[in-house]
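**Q** These protein sequence lines map, in sequence, to chains Y and A. Each step along the first sequence adds one to the number in my numbering, with nothing skipped, and position 261 is 261. Each step along the second sequence adds one to the number in my numbering, with nothing skipped, and position 275 is 275.
Just so you know, the hints here were simulated from the structure itself, not pulled from any lab data. We treat Cβ as the ideally placed atom computed from N, Cα and C, and that holds for glycine. Any given hint could be a false lead.
Said to hold, decoys possible - Each computed DSS-like pair below joins lysine-lysine, with the alpha-carbon atoms no more than 25 Å apart:
id, chain 1, residue 1, chain 2, residue 2
1, A, K144, Y, K107
2, Y, K187, Y, K168
3, A, K110, Y, K265
4, A, K110, A, K218
5, Y, K107, Y, K187
6, Y, K105, A, K20
7, Y, K50, Y, K62
8, Y, K265, A, K111
9, Y, K168, A, K257
10, Y, K265, A, K79
11, A, K144, Y, K50
12, A, K20, Y, K187
13, Y, K183, A, K20
14, A, K55, Y, K135
15, A, K218, A, K79
Stated by the list, open to error - Footprint (simulated), chain Y over chain A, 3 or more residues, beta carbon under 8 Å:
id, region
16, 37-44
17, 123-130
18, 140-151
19, 164-178
20, 198-205
21, 217-229
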Amino acid sequence: MKRKIKGSLLGRMISLLVLLLLVFIILYPFIWMVVTSFKAEADIVSWPPKLFSGEFGLQSYKDIWERIPFLTYYRNTIIFALSVSLISLTFDTMAGYAFARIDFKGKNIMFLLVMGTLMVPFQVIMVPLFVEVYKMNLINTYLGMILPRATNAFGIFMMRSFFISLPKGLEEAGRIDGAGEFKIFRKIMLPQCKAAVISLFIFHFMYQWNDLLYPLIMTTDDSHKTLPAGIASFMGTHVVEYGVIMAGACLSILPILIVYLFAQKQFVQGIAMSGMKG
Amino acid sequence: MPLLLYRRVYTMKKKSSLGKARERAGLLFVLPSMTILTIFVFIPLIISFVFSFFKFDMMFNNFEFQKLDNYIRLFQDGKFFNALWNTVYYTVCTVPVQIMISLIVAILIKKQSWFNSFCKTVFFIPAICSMTVISIIWSFLINKDIGMFSYWLELLGFEMVDLLNSPVWAMPTVILVGIWKNLGFYMVILLAGLNGIDESYYEAAVMDGAGAFQKFRKITIPMMMPTLSFTVVNCIIGSFQVFDQVYVMTKGGPLFKTQTLVQLIYSTAFESFDMGYASTIAVALFAITFVVSVLTFKHMTREEDNIA
């Protein structure tokens with residue numbers, strides 16, 4: 001018995017050490033990013049590298065707006081991520097609700113088609129998608145970036161599973177009162193699914209905010225580039241200014257990080273859901 | 001009571017017209033989504049197959065039917081096989097390591113405590129950040145001239161090379177950064193699976209004198225099979241589509257040693273403007289991912305049956 005307790009104590013010590021090491025490995029790059037963004041360029045490139053050295057200042061945060069059209073990127077990202085999330089959320093919820101609780105002709109085949117799109121990676125259709133949007137004259141426009149993402153098969157699937165799980169006959173009360181289908185949806189069904197809607201919104205928002213490939217092909221100049229696409233192309237074309245780039249990186253992570261720290265549960269749910277996206 | 005009866009009769013009578021109204025409402029509800037999916041997913045998918053037989057220029061004119069030439073070119077294209085090999089290399093190294101580490105971490109922090117939930121919060125941070133930013137941070141940290149990690153490794157006695165410019169080390173570096181980023185993501189999914197296992201199984205096993213490793217092998221693994229197979233397939237699909245870190249960290253170099261399939265599609269379509277042939281590669285990618293994930297899923301579910 002004694003040996004067992006000793007063994008488990010040793011096990012716990014090892015696991016604690018492993019976890020602490022991991023916390024360090026995960027956190028350190030972020031700490032380095034934040035500290036570096038406040039350092040002067042000369043201090044960053046000195047050898048041997050030190051985390052804290054030289055003086056700290058806001059120069060990088062002043063420079064970033066002049067070196068690259070950072071404000072434009074930021075604005076684009078907010079417009080793109082927010083519009084896509086809100087519109088897609090609306091359409092996904094509506095479709096999910098209908099697939100779950102209303103019988104109509106062709107429902108099964110349509111739902112099968114929606115599920116089928118989950119099997120199609122974006123990378124497979126990106127060339128024709130670009131050609132389509134190009135032919136519509138929508139390259140380098142918000143509309144061209146938002147429209148193709150205005151609904152999401154996974155979102156539909158998720159909302160459908162949610163609505164199916166609600167008790168049967170929930171809408172009957174509304175029907176007896178003679179409410180229309182849209183009113184039933186808005187007044188009775190929607191209030192039931194606040195948690196699911198918030199998770200889905202976070203999932204959409206974060207996905208769009210961080211996405212690189214899609215905004216990269218849908219924009220050809222700086223006017224509509226989002227943060228990831230903008231920062232990535234800045235990396236490729238300029239002499240690297242570490243402080244400035246780290247300032248940009250910090251600013252681009254900040255909004256998501258703040259929301260994450262406040263709404264951690266919904267965030268984790270939203271991301272874990274995306275795992276099912278495939 | 002009479003009122004109830006009246007209502008029932010009333011609804012029965014009205015059913016046909018009400019049913020029609022409902023049906024119309026249902027169609028209206030799915031209309032926006034179905035329209036968008038049709039225009040921006042179904043049609044592009046069909047066009048993708050059609051394009052793969054054509055050659056056309058940057059302005060999308062001068063379509064020339066190529067018969068099977070694009071596919072013949074594909075099978076003779078060293079660049080394609082190089083990218084395929086790199087993608088397989090990436091996937092084969094990433095998937096087992098990623099799942100194993102994530103599973104171990106999930107088991108370590110399964111118990112509820114403030115320290116474990118702190119760990120969970122921290123491990124998940126990379127999962128919410130863009131791969132772009134993470135790739136940039138890491139390419140600085142391992143930079144031979146200014147990088148902190150590079151310096152530490154040197155102190156530990158490693159002879160440091162310029163990792164991202166080394167044909168040997170570039171790919172492993174890209175792989176490690178991917179694993180680092182996705183640790184929290186897979187940990188959360190696996191944690192959900194772990195929490196679904198009833199404690200009583202473990203209690204019974206302890207009664208029978210099972211050790212930690214036996215508990216892991218005889219209870220955790222079999223009970224986790226559905227979650228694991230899902231995670232593995234997910235990880236494989238994700239690995240086959242790897243693009244972001246390659247694009248930011250190496251641009252496919254050095255010597256095309258990190259050029260993956262998606263990166264090849266991207267550069268063929270949007271840098272060389274060879275849209276037709278890019279579609280051919282895309283169709284190949286689609287076929288490969290499809291087959292691989294179906295096979296894996298079949299294999300893992302059979303495994304599941306064997307254990308059960």
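**Q** Indicate, hint by hint, whether the structure satisfies it.
**A** The hints, checked one at a time:
In summary, the hint linking A/K144 to Y/K107 is not supported, as the alpha carbons are separated by about 59 Å, beyond the 25 Å threshold. About 16 Å separates the Cα atoms of Y/K187 and Y/K168, which keeps this hinted pair within 25 Å; it holds. The hinted pair formed by A/K110 and Y/K265 meets the criterion: a straight-line CA distance of about 16 Å does not exceed 25 Å. At roughly 18 Å between alpha-carbon atoms, A/K110 and A/K218 fall within 25 Å of each other, so this suggested pair holds.
Among the hinted pairs, Y/K107 with Y/K187 is consistent with the structure: their alpha-carbon atoms are about 24 Å apart, no more than 25 Å. For the hint linking Y/K105 to A/K20, the alpha-carbon distance of about 10 Å falls within 25 Å, and the restraint holds. Annotation: proposed proximity of Y/K50 to Y/K62 holds, straight-line Cα distance about 23 Å (limit 25 Å). Using a Cα cut-off of 25 Å, the hinted pair Y/K265 and A/K111 holds, with the two alpha carbons roughly 17 Å apart.
A distance of roughly 57 Å separates the Cα atoms of Y/K168 and A/K257; the hinted pair therefore is violated under the 25 Å criterion. Restraint check: the Cα-Cα separation between Y/K265 and A/K79 comes to about 44 Å, which exceeds 25 Å; the hinted pair is violated. This hinted pair checks out: A/K144 and Y/K50 have alpha carbons roughly 14 Å apart, not beyond 25 Å. Note on A/K20 and Y/K187: the hinted pairing holds, with a Cα-Cα distance of about 22 Å set against a maximum of 25 Å.
Of the supplied pair hints, the one linking Y/K183 and A/K20 holds, its CA atoms being roughly 17 Å apart against a limit of 25 Å. The suggested pairing of A/K55 with Y/K135 holds, with an alpha-carbon distance near 17 Å, which does not exceed 25 Å. Restraint check for A/K218 and A/K79: the C-alpha separation of about 45 Å exceeds 25 Å, so the hint is violated. A count of 7 residues in the region 37-44 of chain A with a Cβ less than 8 Å from any Cβ of chain Y is obtained; the coverage claim is therefore met, three being the minimum.
Coverage of the region 123-130 of chain A by chain Y holds in this model, with 8 residues showing a Cβ closer than 8 Å to a Cβ of that chain against a need of three. Judged by the Cβ-Cβ criterion of 8 Å, the region 140-151 of chain A is covered by chain Y as claimed, because 7 of its residues qualify and three suffice. Only residues whose C-beta sits within less than 8 Å of a C-beta in chain Y count toward coverage, and the region 164-178 of chain A has 0 of them, not enough to reach three; the restraint is violated. Counting residues of the region 198-205 of chain A whose CB falls under 8 Å from any CB of chain Y gives 0; the rule of at least 3 is not met.
For the region 217-229 of chain A, the assignment as covered by chain Y is violated, since 0 residues bring a beta-carbon within under 8 Å of that chain's beta-carbons and 3 are needed.
Taken one by one, the earlier hints fail for this structure at numbers 1, 9, 10, 15, 19, 20, 21, listed in ascending order.
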